[in-house]
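Chemist: Chain by chain, the residues:
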Amino acid sequence: MSEVKLPGPERIHKFLRAEAFPHTFCLGCGHLLIMESTLVAIDELGLDIDKCVFASGIGCASWIPSPYFKADTLHTTHGRPIAFATGVKVANPDLNVFVISGDGDLASIGGNHLIHAARRGVDMTVICANNMIYGMTGGQLASTTPHGRFTATSPPPEGNPEKPFDLSRLVAAAGASFVARYFAPWKDKLVEAIKRGIKTAGFSFIEVISQCPTQYLRRNPAGEDTKPALGQHLFVDLKQAKSMTKEELEGKIVYGQFVPEEEGD
Amino acid sequence: MVPTKAKRRVIKSPLKSGVYFRQGNEACADGAILAGCRFYAGYPITPSSEIMIRIIRRFKEIKGGNFLQMEDEISSIAAVVGASWAGVKSMTATSGPGFSLMQENIGYAIMTETPCVVVDIQRVGPSTGQATRPAQGDFYQARFGSHGGFPLIALSPWSAQEMQDLTIRAFNLAEKYRVPVILLADQVVAHLYEKSEIPEEIEICDRYSGDGNPFGAMEDCLVPPMPRFGDGKKLLITGSTHDEIGIRCASSPVEQAKLGERFHAKLETAYDDIVEVEKSGEKDYDVLLVAFGISARTAYDAMFELNGDGVNTALFRLKTVWPFPERELKEAAERAKYVISCEMSHGLLVREVERVVCKDAVVDAALRYDGEAIEPSDIVKVVEKVLRK
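Protein sequences, first through last, are from chains A and B. The first sequence runs 8 to 272 under the numbering used here. The second sequence runs 150 to 538 under the numbering used here.
The following block holds chain B by itself, in its conformation from the complex (with noise of 0.2 Å):
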């Protein structure tokens, strides 16, 4: 069984490669560029409008692409799933309620595995909350968001080159394996501006459209290939649950199960080209911090204020967020006495982390959940009285 038939190849940048000092946000469109996106299709919010300004400056100067402004953040990722099934590579970036807005039709591009990538800048919420100010609460909306439970790709930058590179990697794993990716950014990253580089080369894939059913498991790859409107193919593409071919199968048991579980299991089998995390710090060590986005940059400056004080630390940072590395994050945890999950939130990156470490090591969490970003102090802090303990 192979996890994808999308073939990769490099091309040259069609942007002028360099350093350059950008935002985070501009990163990320710069990115999408790279990846061969060419439709764009959103609806302002803070803080993640400046994705969709830079995006239509880019189209412009590359002279390709499709931008639209929609009237809301449901057409929109509407309009980014009709334009991935025309062929298209296509994207849109949001923010917190926008985020929610989305989440439907997230859930029609899993069911019809459809190729698109969802920036969401996190801000604070509930509701309106704090529009400029950063968060990192849609963790689990980003899995769970939409109704039914089933599985997607979620990836954390943590700097602008970050914000470039993981958004080229969403694109090849949407194009890989059929299925939304989420680039789950945060106000900090996003607003950042930084040194960083767009490369000669890059690396892209391009979904795999030879022969076979659009929506069944071919004889040695669970993703099937997908065509495009006008090929001739007769597309049945629907919401509801399908056969292979995609006539609709609303009341059968069987055609649901089989669905559900390749859509599961297309993703397991990639496992290890999904995942991606980064270990830094001491060998050996009695603390693991744990975090993705901004509050991993926070943690690794307080992984060394706590490795000067003498506290054996290391980092466990998640480049990928969902599906859950939770492979690597358990043999990390084996050699650490205690396990700190470093997060933005009211606590929700540390129940993932509970229910992987279990009773591997101590666990606990340093949280910042006032609309300010997550500070080293508020690591050492509780690093601090954990030891205590």
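Chain A with its partners taken away, still in its complex shape (with noise of 0.2 Å):
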């Protein structure tokens, strides 16, 4: 077999099982960071990756630990994963356990067991990979897509006519003892969140916004006068939101550490 290029860098290459590359992300999906800094974020903590367990459910994010990770992972029935993780959680105190799944997965079908996840407080480590669709059955609308959006079966001329969840406000009202939510290209604050993360006792859940060039962007086109549906502009930072009108609020992403509320707030 030829030599497979692993992702991100070499340091978490020991955490990836090379055998299941080359991998079947799409070209330019957020996902690969999300899974580079997970693990980054568990080197730089020196955990025993033979002590951690990754549950995902089922769609394109759900691929980042399972086949991927070189761990114990658990691919479990779509939007379940919480449960499933929430069994191993507390059958074994002394195991590590991650969830990485998508916002479809935990929020839409798995809302339920994502906002009880939040208020039982269970000690896990959730990591959802929001790319506002469902990718990997072919661009449907999900609970996530921004109100007015174009996916297949929200179309033009009207597009989504609901109101997307927010997410981090959402798993924060529920009871979680660390939120954030972060854009899969910031790998820096993305790193030190979920480290922040895994090392909060309790249920800590970081929200990371990842594109999806092939079902999302493709749909959503930016045009000559306007600027892409996903991109950097449209981040706000938490603090900066805070003086901002719920107008000028309108259509953008508020990033930052929601819960515990970061000092100086």
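Hints are computed from structural coordinates only; laboratory data are not their basis. Every residue, glycine too, gets a C-beta built ideally from N, C-alpha and C. Treat the hints with caution; some may be incorrect.
In silico SDA-like cross-links for lysine to any residue, where the CA-CA straight-line distance does not exceed 20 Å [claimed, not checked]:
{"hint": "1", "chain 1": "A", "residue 1": "Lys58", "chain 2": "B", "residue 2": "Ser358"}
{"hint": "2", "chain 1": "B", "residue 1": "Lys383", "chain 2": "A", "residue 2": "Leu54"}
{"hint": "3", "chain 1": "B", "residue 1": "Lys382", "chain 2": "A", "residue 2": "Leu54"}
{"hint": "4", "chain 1": "B", "residue 1": "Lys383", "chain 2": "A", "residue 2": "Gly128"}
Derived contacts from chain A toward chain B, CB cut-off under 10 Å, selection only [claimed, not checked]:
{"hint": "5", "residue": "Pro14"}
{"hint": "6", "residue": "Asp57"}
{"hint": "7", "residue": "Thr83"}
{"hint": "8", "residue": "Gly86"}
{"hint": "9", "residue": "Ala98"}
{"hint": "10", "residue": "Asn99"}
{"hint": "11", "residue": "Val104"}
{"hint": "12", "residue": "His120"}
{"hint": "13", "residue": "Gly128"}
{"hint": "14", "residue": "Ser150"}
{"hint": "15", "residue": "Lys234"}
{"hint": "16", "residue": "Ala236"}
{"hint": "17", "residue": "His240"}
{"hint": "18", "residue": "Asp244"}
Here are a few chain A residues that sit away from chain B, every Cβ distance over 10 Å (derived from the structure) [claimed, not checked]:
{"hint": "19", "residue": "Glu51"}
{"hint": "20", "residue": "Pro164"}
{"hint": "21", "residue": "Gly182"}
Hints given; two lone chains; assemble the complex.
Modeler: Right under this line is the structure:
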């Protein structure tokens, strides 16, 4: 077999199952960056990978840990990885339990488990790769798709008639111990947030806005006079957002650490 | 080929042995404790809730075990499967609507070969039906409820004692064959208070965790070894079709056929160990009553009544419901003129009976489907009608 190039810095390659590569993510997909940041965070904290369990559900993001992580992985039914992970953690509290899955999996079909796990406070780190669309099944409307955006099931000219979930605020309200939201390309911020999430006892939720070039950006192209449907320009820092009006925040994505609120806020 | 490599051992009862006056559901919870169940996740539902109430008390008494009241039945069975991979014997209990909700993850347990026990206290359906009334309408759902049609094991108790004993057996079979086991009880047996006993010693089985691929046949056994999370085995567990290691083969006809064939073959190889039936009544009989659960207890009474009336009758009771005890039933039916299925549904068990008995005897059914427990007279009436024909 010819040498397959593994993604990310060399320090994480020991955590990757080389025989599962080349990976199946589309060109430009944000999920690879999430894979990289998660494993860098684990390496920087010096966790024993053999004591880590990675649960995921169904959808593109569920492939981040399974089959690519050379560790214990639990690729579950659609929407249920948090519930499976709850059983794992409670049955053996010595294990470091992660859930890495998408917005459709965790927040739509699995939404009830998400809020209840946040309330219950079982010690786990949940990384939600939020690409705001159903990627694997062909670009259908998600509960996180912004209002007016085009998907296979919210076609032009009207686009999405519904309002999206603000996942981080939802999980924060449900009682999570740690909640943060960042953009997939912001590796340093993301690694730091994942590390904090792991170190926080209780339910940690890191929402990562992840670009989906194939299903989301292709359906919502940047016109001559408009900016891309997803990019740095949409993000507003949590502190800055506090001084902005509701109208000014329309269509923006607020990022930062929501729980616990950082000092100086 | 050996059917299993699971180890048996005899343990001293962790609960006080002796004679108890217990409800069926309480005996079921005690049975789980005796079998080594140390994780329970569930959602309240009538008529099964006494199991969760009893088991959390028992966990506190033995200072072990973890209990979770989950947000629904879907997450309950999910947590049970997760806990099983963490190396802990696990169970959930439910009824009708909850059992329906669990079906997808029961299929996941079949696909991932996860030992676990699911108790279904059957009540009247469809839908909410009658929450407090008995039925046996989940006979096929237990076996075919999850999509795909792959096999599992289902046992059916007829007394408080068997609520305990068959729960222990359910755990042992789950560990031996890495398969979810359904305890298919009903509201009457579940709520029956009667004398039952906790023995001083219990034989239990523990899953085999030796070397080998976790999802492939071994040289001499079709049940692969099962390591647990944290053992450093870097497990790949998936509900997708997978190879012997666990790598997804989502479009390989070879791997799909291999996996499905082994799922069937491992239970067929173990048929004699899994299938348990009980015959009672006359040695020479014209009428054979076939039943499970509380209907079998009613049929037992009806059998005496019929024998008293000069109708030579025997009872064939299924303690194992799935795999269906077809060899035993066929043999028993060959000696009968009439085979009568006694059940609390619109006629489910009778379909299996007809399939197996075929033309060896006349098949009919005594059915009760109004939410009342079937009575001996319901059965006697049908037998009399059949004899008159």
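Chemist: Given histidine 240 of chain A as an interface hint, is its Cβ closer than 10 Å to any Cβ of chain B?
Modeler: Check failed: Cβ of histidine 240 of chain A comes no nearer than 38 Å to chain B, outside 10 Å.
Chemist: Tell me if valine 104 of chain A is really an interface residue toward chain B, meaning its C-beta lies closer than 10 Å to one of theirs.
Modeler: Result: holds, 9 Å to nearest chain B Cβ.
Chemist: Let me know if the C-beta of glycine 86 of chain A comes in closer than 10 Å to any C-beta of chain B, holds or violated.
Modeler: holds (8 Å)
Chemist: Have a go at the alanine 236 of chain A hint: is there a Cβ in chain B nearer than 10 Å to its own Cβ?
Modeler: Interface hint status for alanine 236 of chain A: violated (30 Å vs cutoff 10 Å).
Chemist: Quick one, are lysine 58 of chain A and serine 358 of chain B close enough, alpha carbons at most 20 Å?
Modeler: holds (18 Å)
Chemist: Let's test the interface hint: is any C-beta of chain B closer than 10 Å to that of aspartate 244 of chain A?
Modeler: violated (34 Å)
Chemist: Would you check the hint for lysine 383 of chain B and leucine 54 of chain A, treating anything up to 20 Å between C-alpha atoms as holding?
Modeler: holds (15 Å)
Chemist: Given a cut of 10 Å on the nearest C-beta pair, is the interface hint for aspartate 57 of chain A held or broken against chain B?
Modeler: holds (4 Å)
Chemist: A cut-off of 10 Å on Cβ-Cβ distance, and proline 164 of chain A was said to be off the interface with chain B. Does that hold?
Modeler: Holds, since 37 Å exceeds 10 Å.
Chemist: Hey, is glutamate 51 of chain A genuinely clear of chain B, shortest beta carbon separation above 10 Å?
Modeler: holds (21 Å)
Chemist: With the threshold set at 20 Å, check whether the alpha-carbon distance from lysine 382 of chain B to leucine 54 of chain A stays at or below it.
Modeler: Holds: lysine 382 of chain B and leucine 54 of chain A sit about 16 Å apart, inside 20 Å.
Chemist: Starting from lysine 383 of chain B, check that the Cα of glycine 128 of chain A is at most 20 Å away, please.
Modeler: violated (26 Å)
Going through the hint list in order, the structure does not satisfy hints 4, 5, 13, 14, 15, 16, 17, 18.
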